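Chains as they are written, first to last, in the working numbering: chain E, 4 to 363; chain X, 12 to 397; chain Y, 3 to 546.
Heads up, a few of these hints could be off.
[Said to hold, decoys possible] So the derived label-pair ranges between C-beta atoms look like this:
1) X:ILE203 <-> Y:GLU174: 50 to 60 Å
2) E:LEU109 <-> Y:PRO64: 54 to 64 Å
3) X:ARG258 <-> E:LEU139: 37 to 47 Å
4) X:ILE203 <-> E:ASP50: 29 to 39 Å
5) Y:ASP284 <-> E:ARG159: 44 to 54 Å
6) E:LEU109 <-> X:PHE159: 34 to 44 Å
7) X:LEU252 <-> Y:ASP352: 43 to 53 Å
8) E:LEU222 <-> Y:PRO525: 21 to 31 Å
9) X:ALA66 <-> E:ARG159: 20 to 30 Å
10) E:LEU207 <-> X:ARG258: 49 to 59 Å
[What the hints assert, rightly or not] Okay, the calculated bits of chain Y under chain E, using three or more residues with CB under 8 Å as the criterion:
11) 236 to 250
12) 268 to 277
13) 431 to 440
[As the list claims (entries may be wrong)] Just some of the chain E residues that point at chain Y, by a computed CB distance under 10 Å:
14) GLY45
15) SER49
16) ARG120
17) ALA192
18) THR195
19) ALA210
These are calculated hints, taken from the structure and not from any lab test. Note that this is a predicted model, so its numbers are computed, not measured. C-beta: ideal position from N, C-alpha, C; glycine also.
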Amino acid sequence: MLLFLARRIGVMLVTAICLTFVVFYLTNLPAKLETLAKTQAGTRISDAEVARWLDRHGYNQPMLVRYGEWLGVVPGWVREEPDGTIRGRCVGVRGVEAAGERCGILQGYWGHSTRFRAPVGEVIGARLGATGMLMLWVLIVMVPMALIVGILAGMREGSRTDRSLSTFAIASTATPEYVSGVLFIALLASSTVGLSPLLNQWGLMDAPVLFQGNARSALEGITFWNFTLPVMTIALYGMGYIARITRASMTEVMTQQYIRTARLKGVTFPNIVLKHALRNALIAPFTVIMLQIPWLLNGVVIVEVLFSYPGFGWTLFEAAVNNDIELLLAASVVAVIVVLLTQLISDIGYVYLNPRIRVT
Amino acid sequence: MEQLAWLSIIGRIAQQLLPVWIALIVVFALSIRFKRRLGLYGKLFDSYVGMVGFALVMFWVFTAIFADFIITHDPLAQLRGMRNAPPGSALPTPGAQYPHYLLGGDSLARDVFSRAVMGAREVLTIAPFAAMISFMIGISLGLPAGYFGGRLDTGLTFLANLVLAFPVILLFFLLVAPEIQQTAIPTVMAGILFLVPVLFVMVLLNARYFTQPLKRNLFVGAALLVGFWAYSGLAFNADPLGVWGMRANLLNVFVAVVFVNAPTVFRIVRGITMDIRTRDYVAAAQTRGEGPWYIMMWEILPNARGPLIVDFCLRIGYTTILLGTLGFFGLGVSPESPDWGSTINDGRRLLTVYPHPALVPALSLMSLVLGLNLLADGLREESLRD
Amino acid sequence: MTDFQTAKRAVHPAARMYARECLEGKLDRREFLTRATALGVSATAAYGLIGLAAPAARADTPQEGGELRIQMDIRAQRDPRTWDWSELANVCRGWLEYMVQYERDGSLTPILLESWEANEDATEYTLNIRQGVTWNNGDPFTAEDVAHNFERWADASVEGNSMVSRMVAISEDGRLRDGAVEVVDEHTLRLHLDRPDIAMIVNLADYPAAVVHPSFDGDPIGNPIGTGPYRPVSHQTGIGAVVERNPDHTWWNEGNGAWLDRIEFIDLGTDPSAWVASAEGDEIDMLYETTGDFLDIFTAIGMEQTEAVTAATLAVRFNQESPPYDNRDVRRALQMAVDNETVLELGYNDQGVVAENHHVCPIHPEYAEMDPPEYDPDAAREMLEEAGFGDYEFELISSDESFHTATCDNVAAQIRAAGITINRTILPGATFWNDWLTYPFSATSWAMRPLGVQVLNLAYRSGEAWNETAFSNEEFDETLAEANGIADADERREVMARLQQIMREEGVLIQPYWRSLFRHARPGIHNAEMHPTFEVHYQYYWKS
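One chain only, chain E, in its complex shape (with noise of 0.2 Å):
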């Protein structure tokens, strides 16, 4: 078990180093620090101006040795002004002294983003709780409503519920986040269209909106009026494809032998659904679920631009248009934590579940 988690580990720290490094390319490209030098020192400056700012800034060494220097192998670098200022990499972080020590990954530093004037491990992690809030909201709605929908489903296969609730789920899957969120929005949180002016002329409301179409205000305290909708928006998407592979492996269960045999016994159906089928038949989904953590990530970027949340999502989204170098880097490496972990996670929980398979 430890030099599986060993070698687990080992996997994702490789996994980080090319990912990063890609990533690293691809915003270092000349075309793209250019964009950044115009975002930073005033949109319309003059070629020279660009060159004189990346000069200025540090961004004129080779890419390997500035990655070297972000991963905090290379020794940062280090620019004396003309009136005798000392510029660097390591002085806005460690004072004048420290110019031209190592300062980066490996020295607990994760750079500074040039989009939010702030450093950058202060920044991800702020957004993080944000997102964490709405992930923990997510699962908690989609969660049991999956679990609910494809074992409904999957008990009686091929029965009416069955047909309907299966269709339910297919059109979930069918309906991308940035559809539902704007129906939802239009539907729910419009003073002019949908439900909310209906119920403010019956007298059963007094707000002008029945919810809240922007999460903003979340972030100073979260309601039932201002999180529903980015919170449903996530989980209806990403929940049929959880209730389908539920209710598959329901119904594989439901045709085992012990299964007809409780039900030969004279088990009620509930209870054999309950005390019988439910734990062999819960096994696929928590992989699944485990996995789809990841995958909600897309949606997360989706939902909280459109409801403006700052979480990690807008992050990314803001980081990426920006060209925010630092900040997209650690960016990456945290979906690349947080995929490689939930893999490990969903295979661990695999084992804990099902007695019959072993780790080698």
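Given the coordinates of chain E, work out where chains X and Y should sit on it, guided by the hints.
Only chains X and Y this time, still in chain E's reference frame:
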């Protein structure tokens, strides 16, 4: 001219779609008549779900094929007085044109109906094609990885997991940027990615006919010729005859979509191959002395087709959604393109006041993806049944 | 004193235009009054314009206190002279003040200046600095401080210092010319220009011209020393900023402003539908700018609309160095294929005034009236064929900002309708600026400048840094130099007529419209009407 009522709008749309109805009826009549002779495809018509899915998908396929006859206006033309016009609005000065915007005008006074129809063509040329290339790449790499195992497998699996560890959106932002278009990266990637299908077809034919050199030379030669002709046009835009070609930004989107999809297909194919490898008929072929490529291409692959076809349908749907996601982030295919993702994104801002420009493409997209999912479900059920 | 120096012009020219339309019956009276008063014309004066007497009105006295929440992009702050977005300036307006302020009606109000004088040919300016002003750290505000700011503005060694181009007449070798700024006494300063520049004072109202303390280190948030009544509390890029009244500082203009206790700027991204959602959820009181179809939406949810007619525009320009646009006939043909009125209707929602392809606006004091440009798609097609470009595939590039794409899509649609092949390319906002000067055919948004000659100087003179059209015409340059030395607007108009004509003859750009700018705010927010250069003078807003 006056505003049309809903009933007459529906009637007129149905009338415009006449070629689609005829084609659908012909296909269904023939298929149901001969369904016993059509293998897996024929079995589809035993399942209610499968038929509904197939009908939805074929509806859009025929719409895309006959788009030129169906549209009422040029999808790019902007007519004064038709900004955000409600469905059924009459043109102020029709002249020789169709006198109404059947599903209204969008925020640039273009015909929503014609754009949705043309959008079907846009979506249905990119998505299946991209899914196909992803499949060929996934198969060409997944078969040997699963069959041979060992170092090759470890290396390829690591690469696939590497790509899968990327958040899709980050990858899109990195790959579909205009700055990247200026570099050689998309061309190089296209050069590698598009080469795989050519090699795939070549190996496929070679493995089958290498005992008959004459036939082999003919088939492989012909395949190579056509393959490299298309390859030169698609990857490098250097087709001497100018038949094959792709705009730079389209190529960029295409490469990114293939790049995202191929590793997943690779994993599926690898898994199935590892499973089938242990079957008796593979052992039999090995004892017969068949080469590894023959076994992979002509023994394992045909037996893996069930799950692959199902996944192919799902993947077209997923690719359609992905293209829409690109449109959502403004990384779309072409600026004025009527493709559904971009039109949804353009229209969604004004959804509360003018719902039609966004709803029409949104419902189109949902129905196509739903159709593909139902079709996949039907196929899965039917293929499991034997 | 000439027109650009007087403190107030009586009536906004656009209001006069509206009055004419009203009297001709093109505009109903109610609409006229709304528009005219939105332009800052008092109701009485507006009634006067159409020959009626105003009904008796009640004057409002400002109320103190309250908090205002404004939707606005919050970008990473930097040195004011390098600001490239007016949003950056708006956050800091509460503590960083300006020498003069450009008003909604086109006049200039002295702020840190008390008054100014120029000599006859606009080569020497005497600035009288306001007395009794103190920095919020207690230092007195003197002519030395102002001289220091001029030095900063003229420093070309700072990347992105956009004041440099405005200080050309007092600088040399990329820095302030020795002796160009003379400190006469503690409250008087004299500028010696090496060429006539009638825009000198107007330039000091531009948003990068915020006046900073001599100790300023480049961070207006971390080092908020200024003369104004507010101070920053927090500032988070992309999220929001909070400003509150500074209790430890006595403002020179005490009693005439600083009514609000606290101002919160909220960044909700660039998607206006998110702003609607937020306004409906009662999370914001005021928008920075509303555009397009959203005007009706915000009005429908109960917010009040204000309008500013401006000389801001979108220049769909050709670069004359890249073929085929080096051919004048090609440029003229493309111009002729486009009907500006259609572009205004379909591309900009009819929220502006039709322009005439020469980049001088009717609200500029020196504008010379001209016939509308020629529109003839058939002739355009013929002209192109004659020039040998009948089958050429044109490409129109724009950034992804919504009104840029809408306008360019319409321009392209019209050119296509004339039988000419044209493709569109849209680049993300951040990337677009990489090559904005050299795209062969693209659209650039130009902000409003108070004088007609200012943009011509900046963008169309041969060899200018921002000359994106690569326009180089000797007669134009000479005539423009002449216009720059004529301080009187009426005299300058005669020269302007020729300049406008050259611009048109040479087919320099398709300039379809002048943008009107709009803003929505909840009822009961005063003095917060839309400003032609997007300024948010929150130190003068109040809530009832």
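Problem - Hints breached by this structure - result: Of the numbered hints given earlier, the structure breaks none, since each of them holds.
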